[in-house]
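There are 2 protein chains.
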Amino acid sequence: MENYDIVIVGAGPVGLVLSTCLGRWGYKIKHVDMRPEPTLTGRADGIQPRSLDFLRNMGLKRAIMAHEPAKVYEVAFWDPSKNGIHRTGTWASCPKFIDARYPFTTLLHQGLIERVFLEDMEKNGVKVQRPWRITAFKNDGKDSTYPIEVSIKHVNGEETETMRTKYLFSGEGARSFIREQLGVKIHHKDPIAHVWGVMDGVVRTNFPDIKMKCTIHSDAGSIMVIPREANMVRLYIQIASSTDKDWNPRKTATEAEVQATAKKILKPYYIEWDRVEWFSVYPIGQGIAERYTLDERVFMGGDCCHTHSPKAGQGMNTAFLDAQNLAWKIHHVEAGFADRSILKTYESERKLIAENLLNFDAKYAKLFSQRLPSAGEVGSASQTSQPIEENEFVKVFKESCEFTSGYGVAYNANIYNWSPSHPAQHPLFLSHTKYETTQRPGRILTPATVTRVVDANIVHLEQEIPVNGSFRLYVFCGDFRVTKKALEDFSSQLTAPRSFYSAFARADKESVSFHERHNPHTHFFTLALTFAAARRADVTDITEQLPETLKRYRDHVYADDVWEPRLPSDTKAAAHRKMGLSEDRGGIVVVRPDGYVGCVVKLVEGPGTVEALNQYFGTFVSKGLGGEEARL
Amino acid sequence: MENYDIVIVGAGPVGLVLSTCLGRWGYKIKHVDMRPEPTLTGRADGIQPRSLDFLRNMGLKRAIMAHEPAKVYEVAFWDPSKNGIHRTGTWASCPKFIDARYPFTTLLHQGLIERVFLEDMEKNGVKVQRPWRITAFKNDGKDSTYPIEVSIKHVNGEETETMRTKYLFSGEGARSFIREQLGVKIHHKDPIAHVWGVMDGVVRTNFPDIKMKCTIHSDAGSIMVIPREANMVRLYIQIASSTDKDWNPRKTATEAEVQATAKKILKPYYIEWDRVEWFSVYPIGQGIAERYTLDERVFMGGDCCHTHSPKAGQGMNTAFLDAQNLAWKIHHVEAGFADRSILKTYESERKLIAENLLNFDAKYAKLFSQRLPSAGEVGSASQTSQPIEENEFVKVFKESCEFTSGYGVAYNANIYNWSPSHPAQHPLFLSHTKYETTQRPGRILTPATVTRVVDANIVHLEQEIPVNGSFRLYVFCGDFRVTKKALEDFSSQLTAPRSFYSAFARADKESVSFHERHNPHTHFFTLALTFAAARRADVTDITEQLPETLKRYRDHVYADDVWEPRLPSDTKAAAHRKMGLSEDRGGIVVVRPDGYVGCVVKLVEGPGTVEALNQYFGTFVSKGLGGEEARL
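Same order as they appear, the protein sequences are chains A and B.
Going by full-length UniProt numbering, the residue at position 297 of the first sequence is 297; the numbering climbs one at a time, nothing skipped.
Going by full-length UniProt numbering, the residue at position 185 of the second sequence is 185; the numbering climbs one at a time, nothing skipped.
FYI, nobody ran anything at the bench for these hints, they're computed from the structure.
Don't take every hint at face value.
Because identical chains share one entry, a pair is satisfied inside a single copy or across any pair of copies.
[Claimed, not checked] Straight-line alpha carbon distances no greater than 27 Å define the calculated DSS-like cross-link-like pairs of lysine-lysine that follow: (1) 485 <-> 185; (2) 61 <-> 123; (3) 572 <-> 251; (4) 82 <-> 351; (5) 82 <-> 344; (6) 138 <-> 166; (7) 96 <-> 572; (8) 363 <-> 344; (9) 267 <-> 551.
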């Protein structure tokens, strides 16, 4: 009987991201899918701005963009008028008050997205076994290393396989065998269910917003328009709702009926079909799984755990982040870095996001029917640390934009996401709620553009460290004349025997390649040093004066000298300013392997900075750090 | 005996670009190369900022960037010091006063660049026949359609082929059989010749600028450092010069000798090689072919026509533009659009550029040894229409940056590049020399960022029309309240029977796809309409009011509403302002199929605008335009 690190069931977005990450990190994977081949047509297609950050951080954005997807910068709203419909307003997909690298939604057929992951997996020797399905599993603990037995079977044949594994993951979608076997219930947040018709095709029309995302309300019904790659368009039509008098969840419609309805709704504009690529009618309700795992061995994610309306285009994006969240946590446990208990944070973090998504989904419908706020009401772009009074309506509007763009994800305080009630109570932690930094634990790191010193390239700081399973220590070094001693102390404390950094040193530390950029000393931490100075005059010389440990990160030294139009004109160092850190004294932003902020600490002379970090990491790593008292 | 549209000899950059363009436009191509396979190591590697524009316009930039090339933003200068060498300054590859989309040089192994073209050619059924070489050709005119007979032979075998062709092109490189057969002489501009050693490899070093482009002068000799993809670096070492007392053009050096020299030059820094990928020693002098063609049937381009030092990284970039220049001109003649006489402009335009390149190459060496100008001397970024007094030194500095970035290409006045002495003398032409526009005929169109109205995408206007053999009519429409009538008149004159636009209408005009963006009416013109207004409020409604002919370009309607930091704060419409056109009255910039400005005309009510354009196009197209008098 063969042993695996993980058995993954289902090769949709959630399963593929998990497989891609763990495959890159060298785990032995059995990945099966019931379908004979990847998605051919239809299904999900919207990649949110935040997901593009994620795909780029995985090194896969260029492969996605090579398919020339459609990009949605704005949403248009159409309402009934005397002669049919008229445009009542437009709304940015990702308004300027959100500091996003890619302020648009990218639309591409799910099959093409799947293929990008499949090709990457194959580079690491992971292939999806098709068409196979899971027939049985149990966590019988007969083998303490591989506690789960899993059986799979060829969909059309008699072949079967049985194996043992450390983990089992269900990315099976809404109808999950694993979830049923576990007896995990689906909880319905909003009792309203809908039947949707969805049609992808190439159309001829004089409707002026056919290349925009539109929500159209007319006397003949409602429709949602979503542009696609290759001149295609997707139309969503609500066919029935549980609020209808004659509600029938089995109500259906033919392709011709949906086309006829679309023609009526779009009047006075014409619409004709050159071809229909995909057509489907499906009932969908809101649902959320009550648990994502029972034993931290068998996990679930994606549509298996949460279903909702397609209106906000969130399904695939949430699936991406479910998988990424789980991937690095499994990695940290299996690599001996973290306590097994940290696996509990997968459910607590991701279930909250799904709940927020479902709440949002209900609120979103309501918002559509209200007036839009004016530019003045929404306020200016920059994330300031000033508290701003906002009325409820504007707050909902902003939250909606944040949510649909993917930037609304905010994990609650826990061992990873520092707060004043975190077990690590060192006085050097900086708190967002006290306006000591703009960086909020549990939220994504704010993007910042800087100059890489070694080659003078203008780069995106938040993308400089890839998804590689490492914590990212963004050291904002302020003014080197002020922080020289603090950096020397930081460096010498890092190399102290029981520091978080030394405790997890690479075994092959002495033979690491000269060209290793990210993990010269340890697989679990990468440092990036940003100085509040101009590259040309100053930072090239500063690099030479750095202590050896920091100098080893020569490819991760940056000059904070790029002008940022979002900031006031007295800004000297835009990245420092964006982080809410002193342009003189700097500070350290600890970012989790998935790009979310963990904590922010002061950069001071003496041992304090590393002491604070020892306390923070000491709450979840597998070894005692610092003095005995640091193990909380 | 088989007939071809063109026989192309040599599959280096110049031959590949020509083959790619003509293959896309449906020509029948025989392409042969002596080498058994594409370049494996070494050779050219620098892609200049302007060439990235070109590659993007060809739709090939993403494929180049997928190889993760190195990017050079700055050049560092090192000079002898007491203990070895020290940095004396740095210099932007493409300083801010050049309005470039990609202000960096991209370094990638020539073989990877060749493969990008080869893959694109295969999509159009063009394959390079290897290893074959040309053995004979003559323009005997025995067949008036296919006047040239060409014989080729397998390099290692007895197989031969003979064919007839309309055109023959030599992209054979410096040692050209075709050039020799034609008896075309090489003229040597600078009598100084050099022997260069070049080495690509992976090194370990503490030299801090190893990822920068550097020119290093030391007491032990001189070296040029160029970073490459995949942690590689290229070193150029001048081994001998014809100015040396003991000059020997056959002087050579071993790999070990070059490494030993590099070690001496780089002191006090160390350098060690992990591996050497390529090493070569070659003599090179400056040379330029006296003719590029004798009969406008047999053409030459690339290294076959011009050789020079590798210092400024210009070879491949000049080759790209040689080929592009020839491709659309052959296409226009063979498609029946242009007089055969226009083929003379290939030599007159491209030979001038090669001469400038050789002059620059000589001047560049001199400049290196002088002090660098200060930022204040170089002046601010924007291209204004104000004449600015500059001292000679700053002028040379600017020209050098323009030249190395590829933006220094400026074709002289001719039938394509309007000037006050052009045969078209209509009073509506706008002249750069009179500061009526910033757009200079013979120079690249200034880049501008605008909002595409149909889908609200933020786009690069200069990239919106691909290399497709069409002239690009950028109509800057100003304020629609002012120009409504002018646009209506322009549209109705376009459709008049003998207009430049109607005279070359597509034969299949009635059955053109609804989704054809670029050539709905004619294969030789594409229109793009930019309004000085905000998309949201205004231009979506303006589109509905356009005359039918213009409305057909619905995918090429833009709102000039994107803020541009290079321009003064009173700017309302940045693209109009950059073109030096009125934000109220607009104007039309005619851009050649290769992206260079042809002429600029006023947009006025009445027939004048199209009359002026009829005059301009009437000087080179194959049909009489407008009234009889318009055929000049």
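Broken hints, numbered, in rising order?
1, 3, 4, 5, 8
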